Amino acid sequence: MVEEEGFRRYIAHAILWIGIAIVAFPVYISVIASTQDNALIANGQMSLLPGGHFLETYYQTIFVGTSGSTREPVGNMMLNSLVMALAIAIGKIAISIISAYAIVYFRFPFRMPIFWIIFITLMLPVEVRIYPTYKIVADLHMLDSYAGLALPLIASATATLLFRQFFMTVPDELLEASRIDGAGPLRFFWDTLLPLSRTNMAALFVILFILGWNQYLWPLLITTRDDMQTIQVGIRKMITTTDALTEWPIVMATAVLAMLPPVFVVVVMQKLFVRGLVETEK
Amino acid sequence: MANVTLRNVRKTYQGGFEAIKGVNVDVADGQFCVLVGPSGCGKSTLLRMVAGLETVTGGEIDIGGRVVNQIEPADRDIAMVFQNYALYPHMSVYNNMAYGLRNRGMAEAEVKTRVDEAARVLELGAMLERKPRQLSGGQRQRVAMGRAIVRQPKVFLFDEPLSNLDAKLRIAMRVEIRKLQRRLKTTSIYVTHDQLEAMTLADILVVMNGGQVEQVGNPLAIYEKPATTFVASFIGAPPMNLMSIGSDEIKSQLGGSATDAGILGIRPEDFVITDQTPAGGVALPLTVEAIERVGAETFIYGSRAQDAQRIAANPGELPPGEVIVRVPGTEAPAIGAKIRVAAVRTKLHLFSGDGRTRIEA
Amino acid sequence: MQKQAIFQSKLLPYALVAPQLAIVLIFFYWPALQAVIQSFLLQDAFGLSTTFVWFENYIELFKDPAYFAAIVRTFLFSLAIAGSSLSLALLLAVMADKPLRGVMLYRTLLIWPYAVAPPVVGVLWIFMLHPSLGVLSRYLRAMGIDWNPLLDGDQAAALIILAAAWKQISYNFLFFLAGLQAIPKSVFEAAAIDGARPMRRFWTVTFPLLSPTIFFLLVVNIVYAFFDTFGIIDTMTRGGPGTSTVTLVYKVYSDGLLGGNLGSSAAQSVILMVLVIVLTGIQFRFVERKVTY
Numbered sequence: 001m002v003e004e005e006g007f008r009r010y011i012a013h014a015i016l017w018i019g020i021a022i023v024a025f026p027v028y029i030s031v032i033a034s035t036q037d038n039a040l041i042a043n044g045q046m047s048l049l050p051g052g053h054f055l056e057t058y059y060q061t062i063f064v065g066t067s068g069s070t071r072e073p074v075g076n077m078m079l080n081s082l083v084m085a086l087a088i089a090i091g092k093i094a095i096s097i098i099s100a101y102a103i104v105y106f107r108f109p110f111r112m113p114i115f116w117i118i119f120i121t122l123m124l125p126v127e128v129r130i131y132p133t134y135k136i137v138a139d140l141h142m143l144d145s146y147a148g149l150a151l152p153l154i155a156s157a158t159a160t161l162l163f164r165q166f167f168m169t170v171p172d173e174l175l176e177a178s179r180i181d182g183a184g185p186l187r188f189f190w191d192t193l194l195p196l197s198r199t200n201m202a203a204l205f206v207i208l209f210i211l212g213w214n215q216y217l218w219p220l221l222i223t224t225r226d227d228m229q230t231i232q233v234g235i236r237k238m239i240t241t242t243d244a245l246t247e248w249p250i251v252m253a254t255a256v257l258a259m260l261p262p263v264f265v266v267v268v269m270q271k272l273f274v275r276g277l278v279e280t281e282k
Numbered sequence: 001m002a003n004v005t006l007r008n009v010r011k012t013y014q015g016g017f018e019a020i021k022g023v024n025v026d027v028a029d030g031q032f033c034v035l036v037g038p039s040g041c042g043k044s045t046l047l048r049m050v051a052g053l054e055t056v057t058g059g060e061i062d063i064g065g066r067v068v069n070q071i072e073p074a075d076r077d078i079a080m081v082f083q084n085y086a087l088y089p090h091m092s093v094y095n096n097m098a099y100g101l102r103n104r105g106m107a108e109a110e111v112k113t114r115v116d117e118a119a120r121v122l123e124l125g126a127m128l129e130r131k132p133r134q135l136s137g138g139q140r141q142r143v144a145m146g147r148a149i150v151r152q153p154k155v156f157l158f159d160e161p162l163s164n165l166d167a168k169l170r171i172a173m174r175v176e177i178r179k180l181q182r183r184l185k186t187t188s189i190y191v192t193h194d195q196l197e198a199m200t201l202a203d204i205l206v207v208m209n210g211g212q213v214e215q216v217g218n219p220l221a222i223y224e225k226p227a228t229t230f231v232a233s234f235i236g237a238p239p240m241n242l243m244s245i246g247s248d249e250i251k252s253q254l255g256g257s258a259t260d261a262g263i264l265g266i267r268p269e270d271f272v273i274t275d276q277t278p279a280g281g282v283a284l285p286l287t288v289e290a291i292e293r294v295g296a297e298t299f300i301y302g303s304r305a306q307d308a309q310r311i312a313a314n315p316g317e318l319p320p321g322e323v324i325v326r327v328p329g330t331e332a333p334a335i336g337a338k339i340r341v342a343a344v345r346t347k348l349h350l351f352s353g354d355g356r357t358r359i360e361a
Numbered sequence: 001m002q003k004q005a006i007f008q009s010k011l012l013p014y015a016l017v018a019p020q021l022a023i024v025l026i027f028f029y030w031p032a033l034q035a036v037i038q039s040f041l042l043q044d045a046f047g048l049s050t051t052f053v054w055f056e057n058y059i060e061l062f063k064d065p066a067y068f069a070a071i072v073r074t075f076l077f078s079l080a081i082a083g084s085s086l087s088l089a090l091l092l093a094v095m096a097d098k099p100l101r102g103v104m105l106y107r108t109l110l111i112w113p114y115a116v117a118p119p120v121v122g123v124l125w126i127f128m129l130h131p132s133l134g135v136l137s138r139y140l141r142a143m144g145i146d147w148n149p150l151l152d153g154d155q156a157a158a159l160i161i162l163a164a165a166w167k168q169i170s171y172n173f174l175f176f177l178a179g180l181q182a183i184p185k186s187v188f189e190a191a192a193i194d195g196a197r198p199m200r201r202f203w204t205v206t207f208p209l210l211s212p213t214i215f216f217l218l219v220v221n222i223v224y225a226f227f228d229t230f231g232i233i234d235t236m237t238r239g240g241p242g243t244s245t246v247t248l249v250y251k252v253y254s255d256g257l258l259g260g261n262l263g264s265s266a267a268q269s270v271i272l273m274v275l276v277i278v279l280t281g282i283q284f285r286f287v288e289r290k291v292t293y
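Chains as they are written, first to last, in our numbering: chain A, 1 to 282; chain B, 1 to 361; chain C, 1 to 293.
Read the hints as simulated data drawn from the structure, not as lab findings. The model shown is predicted, which means the values in this text are computed figures rather than measured ones. All C-beta atoms in this analysis are idealised placements derived from N, C-alpha and C, irrespective of residue type, glycine included. All the pointers check out, no bait thrown in.
A few chain A residues that face chain B, going by a derived Cβ cut-off under 10 Å, partial list only: (1) 182; (2) 183; (3) 187.
Isolated chain A, as found in the complex:
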């Protein structure tokens, strides 16, 4: 690396801090707004410093909800989002790792056609087949259910490809040593391959959890009951078309609560997150 003298270094630091300010400002505003009085905000008088309504706003948001528009406690919405995100992340990892195992470690008729059937799903997000999918979920009586929320979003190949790629790097001799040590296919998978995949599974889990938590269009369509709403859908319903009725401090508190889990995951598990992100995009 080429060392640079002081002046240029200061410019670099300055640019980075400006970037951080741009990135952080909207979030700062939301945190501030969630501690202030609604009347003040509605008048366009919002202060840029914290107000005194922190506890009261968050208490109402989590346990009661807005008094006008949705009236659903955000705590419940968060629970729905959590269940959906976990179901998507765990479900996808579970079905993907076993199918990747079959495709890499066995030779069987229709192996390649099956691989391609799974592989092609990589290309199309749920948005492009949204109504037919809706119809099938409705026909299966899965509207307003966690299964209906999660299953269509599990139907994709990213995780399968990632595991396939990883399995290809596992030395063949490990399988051979296991065979000599008397381990069959299931035992090799459980005793050796699964423990070796731990980091990959964790990285994938971080990404899938964030993607699951942040789903919007699909839950918007298939949840009709308020008590099945996820937090992303709930926040949209809190913004009423007549501005006067929007309870902004609660909306902003909900925004903060909606950001908290995934941002926490990114910051705390940064290494796994970066790894997962880079590997799922390959």
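Since chain A is already given, all that's left is putting chains B and C on it; use the hints.
For chains B and C alone, coordinates are given in the frame of chain A:
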């Protein structure tokens, strides 16, 4: 304890490639057999067939009087040490060694006795709780050995187990493997491409080339009487000098005693620098091209003026017309000097013109 | 593609692929097929009868100026979002790649917006730039701009682009930084010794070596602008005012939901599928090039 017998063993891959073209080897109980040959000669494939990791497409593999062609690797009563060790990276040293025993349903107390005994023999006692990545190359190698010996199998199989170690460690481990095998008296088959390893370890040496056995026997016997020019140039370093016997001075020196022979071989250490020609021996005039002094001995690279004809030798082959002479000490002629080297009759090796047959004069 | 060392089993591999295969067939192939079939059907106003109409739904679509406008708008949005977000992220990544103190801290502080969901992004920005109560709107009005994105279509579009680009900065930054760190430092040192000044070094060494990353991110950002902006648009403008922020995905949604015109909505879905497949194809070509460049 068991003997291992290969009867006309063949391996043909889908697509027709013939990796093993009918091999017959008999390893007696407790013997240390080394398969040696250049890469691609089929030695690893043969070993993996004995292990059960590759299927046998022809012939029989017999371990301890039982034909094992159709038997799973786990049930053949063998243990294998891999080139890259294939230790389970997520298991401790102890569990790496215990895994195969537990899979067979052995009681935990017996597992512990065996692992502890192996750890004692291999001096791994202090490392039982470590993971493989926390070990040095030599320690990993010992764990791989430990995993093999705790099983107390009928046969040990080694697939180039030392090739990932540095030169010094390789020699130390070589000696240890040999000592261990002598003590346990377990029949062993060992694959290597290193002829020095092969010479020092083997009770019985199998030289392979192109999917076939070139020669089987005691290592020194093979060294002294190589059956083909391939064996002659593969076993021994630097390799044997091979010269075609044309209508030149060599033919006249050999006289009528070697009319069938087409190729003459002389090991570098069998030459002496002398003006005399020993009776029945061969003397060659050389121009010195290069000198290598390695301390205890000196290698002289010389060229023969007349003979530029290429001999179909194999690995370690010299450029046509070049001869290596190995002399003790550090005394050597100057580069460019004209010298004369000679070898006595008993040190000459004669082969047929295609190099496939040894001719006893 | 496959291992040399494998297990032999007749039934086990099928049992292992069965769950994923079932889910993919039921929730992916079946609906995708339905979309294709539906796009060739016309439903009467009461949903009582359907007739097979060949490509009529598609022809209707391309004759519809609103659909054409949505196509143009979607591409303009994509380019604006990708362009602004990529350039800012590249600037930040180049700065963060310098041997500075606290680079890890900078990275942490810059990557977390990746985790913010699109509808939340929409809520944050509409709140800051709300015509009557937005904190930033005050300053815009003080600068003499008649700021009202709820009534002015161009301002609404600008707001969407701004919010969408903001969210994408962190993702682009992360990949640019990874791309920069993958370039051997000795290349920069050689360029410095060859007498290239920092700016020149950037344009003659960094930028060309980074071009595979740039290309990759361009495709990803365009796909992002196609699909993930839905949540932002739906919370900020709901496609309005008028149709000035209706993108292709938003139109699939609103035509199917509000209009109940399933044939047209399905035809739009199919067109979107084709677009995504083309974009993915371009990206795969890039992946091949990444190996050889």
